Amino acid sequence: MTTRTDTPDAATTGQRAVAGKLVIEGLCKRYGATTALEPSSLSVTEGEFLTLLGPSGSGKTTLLQLICGLVEASEGRVVIDGRDQSRMPVHQRDIGLVFQHYALFPHLTVAENIAFPLKMRGRPSAEIGKRVEDALAMVHLGQLAKRFPRELSGGQQQRVALARCFVYQPSIILMDEPLGALDKKLREHMQIEIKRLHRESGATIIYVTHDQEEALALSDRICLMNHAKIEQLGTPRDIYERPRTAFAADFIGISNIFRGRWDGNGSLDTAHGRFVLPSGAQSPGAEPAIVIRPEHLKLGAPDGNAVTGRVSEIVYAGSETRVIAALGDGGQLVLRLGPDDAVPAINEDIVAGWARDRAVLVA
Amino acid sequence: MSAVAASGGLLARAGALRFGALWLAVPGLLFLAFFFVWPVAQLLGLSLFDPDSGRPSIATYERIAATDVYLRVLGITFRIAGYTALYSLLIGYPLAYWLSRLPDMYRGRMLLFVMVPFWTSYLVKTFAWMILLGRSGIINSLATGSGLVDQPLSLLHNEFGVMVGMVHAMVPLAVMTMLPVMAGIDRRLVQAAQTLGASPAHAFWLVYFKLSLPGVAAAGLLVFISSLGFFIVPAFLGGRRETMLAQLIITQVQELLNWPFAGALAAMMLAAALVSCWFYDRVFGLSTIAGGSAQVGTGRIRDIGLAILSGLARVAGALSSLTQRLLGRRGSGFILPAFAWLAIVFLVVPTLLVIPLAFTSSQFLEFPPPGYGLSWFRTYFESPLWIQATIRSFGVAFATAIAATAIGGFTALALANSRTRWSGLIFAFFLAPMIVPRIVIAVGLFYLFARIGLVATDLGLIIGHTVLAIPFALVTMAAVLKSYDQRLDQAAATLGANRLKTLTGVTIPLVKGGLVAAFLFSFITSFDELTIAIFISGGVKTTLPKQMWDDMILQLNPTLAAVSVVVFVVVTVMLLVAERFRSSSSSSS
Ligand SMILES: Nc1ncnc2c1ncn2[C@@H]1O[C@H](COP(=O)(O)OP(=O)(O)O)[C@@H](O)[C@H]1O
Ligand SMILES: [Mg+2]
Chain A
134 MTTRTDTPDA ATTGQRAVAG KLVIEGLCKR YGATTALEPS SLSVTEGEFL TLLGPSGSGK
194 TTLLQLICGL VEASEGRVVI DGRDQSRMPV HQRDIGLVFQ HYALFPHLTV AENIAFPLKM
254 RGRPSAEIGK RVEDALAMVH LGQLAKRFPR ELSGGQQQRV ALARCFVYQP SIILMDEPLG
314 ALDKKLREHM QIEIKRLHRE SGATIIYVTH DQEEALALSD RICLMNHAKI EQLGTPRDIY
374 ERPRTAFAAD FIGISNIFRG RWDGNGSLDT AHGRFVLPSG AQSPGAEPAI VIRPEHLKLG
434 APDGNAVTGR VSEIVYAGSE TRVIAALGDG GQLVLRLGPD DAVPAINEDI VAGWARDRAV
494 LVA
Chain B
128 MSAVAASGGL LARAGALRFG ALWLAVPGLL FLAFFFVWPV AQLLGLSLFD PDSGRPSIAT
188 YERIAATDVY LRVLGITFRI AGYTALYSLL IGYPLAYWLS RLPDMYRGRM LLFVMVPFWT
248 SYLVKTFAWM ILLGRSGIIN SLATGSGLVD QPLSLLHNEF GVMVGMVHAM VPLAVMTMLP
308 VMAGIDRRLV QAAQTLGASP AHAFWLVYFK LSLPGVAAAG LLVFISSLGF FIVPAFLGGR
368 RETMLAQLII TQVQELLNWP FAGALAAMML AAALVSCWFY DRVFGLSTIA GGSAQVGTGR
428 IRDIGLAILS GLARVAGALS SLTQRLLGRR GSGFILPAFA WLAIVFLVVP TLLVIPLAFT
488 SSQFLEFPPP GYGLSWFRTY FESPLWIQAT IRSFGVAFAT AIAATAIGGF TALALANSRT
548 RWSGLIFAFF LAPMIVPRIV IAVGLFYLFA RIGLVATDLG LIIGHTVLAI PFALVTMAAV
608 LKSYDQRLDQ AAATLGANRL KTLTGVTIPL VKGGLVAAFL FSFITSFDEL TIAIFISGGV
668 KTTLPKQMWD DMILQLNPTL AAVSVVVFVV VTVMLLVAER FRSSSSSSS
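Sequence lines, in order, name chains A and B. The first sequence begins at 134 in my numbering and counts up by one. The second sequence begins at 128 in my numbering and counts up by one.
These are calculated hints, taken from the structure and not from any lab test. Since the structure is predicted, the reported quantities are computational estimates derived from the model, not experimental observations. For glycine and all other residues, C-beta sits at the position ideal for the given N, C-alpha and C. Errors might be hidden in some of the hints.
Unchecked claim - Simulated restraints on C-beta separations:
hint	chain 1	residue 1	chain 2	residue 2	range
1	A	R280	B	V696	35 to 43 Å
2	B	S545	A	E208	38 to 46 Å
3	B	I266	A	P222	40 to 48 Å
4	B	L239	A	E208	32 to 40 Å
5	A	N480	B	T621	53 to 61 Å
Unchecked claim - Below are the DSSO-like pairs computed for lysine-lysine, each with C-alpha atoms no more than 27 Å apart in a straight line:
hint	chain 1	residue 1	chain 2	residue 2
6	A	K252	B	K337
7	A	K317	A	K328
8	A	K154	A	K318
9	A	K263	A	K252
10	A	K317	A	K263
11	A	K279	B	K668
Claimed, not checked - To give an idea of the chain A side of the interface with chain B (calculated C-beta under 10 Å), a few residues:
hint	residue
12	S304
13	G399
14	L494
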């Protein structure tokens, strides 16, 4: 996985993005009174695997449709390879889109489906035959070339959709929840396939999902979306370790979040006590909170920051044990104990603390 | 309502007869066997036997072949039906396409612009065109009045008049047949084609149009078959050279009493209809009419088809880039809505023009009327002839609606509860009265009724109309029962409701809308039925359409406009109520 040095701010502040494979500037879509996408900016580099992650209705599909031109933007620009393509019709952009429910042509066979984009580009039929064959082999479907889509299982249809997209080697590939309809086992298998296709083709991929585990497993960078806005953009590690909002902390991984009031000199007043903020914490936003990941909570109070609770549930999960404790105000606390840690008993009162710099202050 | 009670008893029995729900279709099967299959078969048989000796003979057919009169009429009939199908598709396809792309909330409202003309009486529509196209009709008075032309154009009693009337009558049927197929096409497939590099024209022809073809073919088939049996439009809007087969049959029966000859002509018409169905079945599979998925052809034919579509796409692509250059991208986006609205104007406006004429103070059908008044409605309400016909029409329609809803309901229930391979066949059989030309059924019934004393009786009219209304009632009920979740009954049972309570508390309230809609559609079918009435009423027991037909043959007068308005209002109100019940029923279940 490549690591990147973009600061998260470059994405959301609308600062003029530097050259990239795909640059989006102030792109925005409104349907009457509803805003499907607030003005957003984003830059994707060549060969990158970027995931749009967010709850349903957060504008992910809208952003993909704007990029490939299926939907016309209310404002903003789409720049591909340095050329403004905002007004370019769909079929002339060099972009592939894998649809949420595959959208295979029911009246064409598997081979004809895959040949479709090549035919549209007027390729000679010998070349079409060869490339369809290669594409089928790539997704291990060689023997099903003459079948119709409805004669295939969900996983097979999915692979046809991938082959149909990769066969004409578009330089940017968009995928809209391509694995949403598959069961868990098949999904994990297909994730590996997609990673392999990405590596072999070198294509720039923008991948949409609402499944955070999938996003963490696949992406170079994650673009977290909420309420038609880009919430945070960064590497999976970035977002996990340094979430910038309570939403980001909550959506990716498990978090303990304490909201409170900033007292002006390095502490946060919360319902569970006054907590010392991590060193160097900036002046927070209107609704500050601190976030502590379960693995950073330790029984006992190493640095003064601690909360008390009563153990309500203990979940043993092999390599770790998860302890859930009820807090005084009805909230919940989640701790993750290693194999060597002592495990408390149900209904035992515990004190859980954290090292000051392990917490993250979010807006 | 007694239709509800009738199928209520039926539902209770459905539970008891768990082993064979198909028995519930038996009353309907017997009814159609006796009043549909038997008379039609007998009529065809008449043409194959010598009337005196009773021996098989093809003398009748030899007589038909001997002069070229009949063959010419046959040719004309085919030509008019073929052109009608072609033009109905050319006008209907863009209209249906436009409708299918509207947002759901508008589509329901816009659909009424097709539904109302669909159910408007053919007589009223034809009457409207006579007023519009006549020598001193609306179009000619406008054209000569404005000095556009010196001589009145001859628009009536020629092929132009027939084609306008036929196409106007058939476009709604074409649209209603294509719409469900278009609604079932996944819009994202077109988008997918475009992201894969297809121009909008290619995406449309290679994907959307290809997937809509079964609907196009079904619409073409239904329009063609319906047109084969048409006589109202050619009788009033055509001249001698546009005489169609059905008119010939009427003459043979009513004026010449030549049964073998009428039978032979009916056989030719039926054969033409069946051959068209067979051909359609070969290419697309009949199940697509009932909404099944189209079989995909294989081999050479399929390749040729796809190649033709690519050719069309290339031509259309060139055309659309031309219009884009001429009108700009925005301007060319208005072509489809503009066309659709023109088509709606064509469908709706002629009928609406009848309304002011009904209120004219003049003795003549001049437009615009010199003054307004209610005198023609008074003439209508004070005429015993018209009022008796109106009362009879209401009574017959009411009885027909009850009978057809009961039979349709029984049958729909039988089919919903059984999964044997017979179900499809039985369904097709019950739809057959829609496929067999009405004139064939009417003449067959006339021959049967003449021997069992049912001619010139209300019962005869009711039986005949019920045969025609059963398909509509069945289709409506089947759609509701299909979306009705049988598990609701089971849930009610597990919650402690006995069978009767389940029935009255759960089942009937949920399918009530469907029952009411089936009742009203059957009512309308009977209320403007003319073909059966011409033969069965025997000149004594006239219905409203029969009385209109007689008057229109004699002379056009403003009373007809008043009657047309009454018929139009009754049918439209019933239709709106039926649509309301149908949509509320399907959204609640
Ligand atoms: N064609 C449309 N018309 C009106 N609103 C739309 C349309 N498409 C999307 N929206 C709205 O835009 C928002 C974002 O939708 P979408 O991009 O599909 O979200 P996601 O893919 O993240 O689930 C939603 O609130 C949705 O209702
Ligand atoms: Mg989506």
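Hint by hint, here is what the structure shows:
Between A/R280 and B/V696 the CB atoms are about 56 Å apart, so this pair departs from the stated range of 35 to 43 Å. Between B/S545 and A/E208, the C-beta spacing of about 59 Å breaks the proposed range 38 to 46 Å. Taken as a hint, the range 40 to 48 Å holds for the pair B/I266 and A/P222, whose Cβ atoms sit roughly 43 Å apart. The supplied range of 32 to 40 Å is met by B/L239 and A/E208, whose beta-carbon atoms lie about 38 Å from each other.
At roughly 40 Å, the beta carbons of A/N480 and B/T621 sit outside the given window of 53 to 61 Å. With a C-alpha separation of about 17 Å, the suggested pair A/K252 and B/K337 falls inside the 27 Å cut-off, and the hint holds. For the proposed pair A/K317 and A/K328, the alpha carbon gap of about 17 Å is at most 27 Å, so the pair holds. This hinted pair does not check out: A/K154 and A/K318 have alpha carbons roughly 33 Å apart, beyond 27 Å.
Simply put, A/K263 and A/K252 have alpha-carbon atoms about 13 Å apart, close enough for the 27 Å limit, and the pair holds. Proximity of A/K317 to A/K263 is assessed by CA-CA distance (about 33 Å); at most 27 Å being required, the pair is judged violated. Distance check on the hinted pair: A/K279 and B/K668 sit about 64 Å apart at the alpha-carbon level, beyond 27 Å; violated. The closest approach between the C-beta of A/S304 and any C-beta of chain B is roughly 13 Å, which is over the 10 Å cut-off, so the hint fails.
Taking 10 Å as the C-beta contact cut-off toward chain B, the hint placing A/G399 at the interface is violated, the least distance being around 53 Å. Interface restraint check for A/L494: the shortest CB-CB distance to chain B comes to about 43 Å, outside 10 Å, so the restraint is violated.
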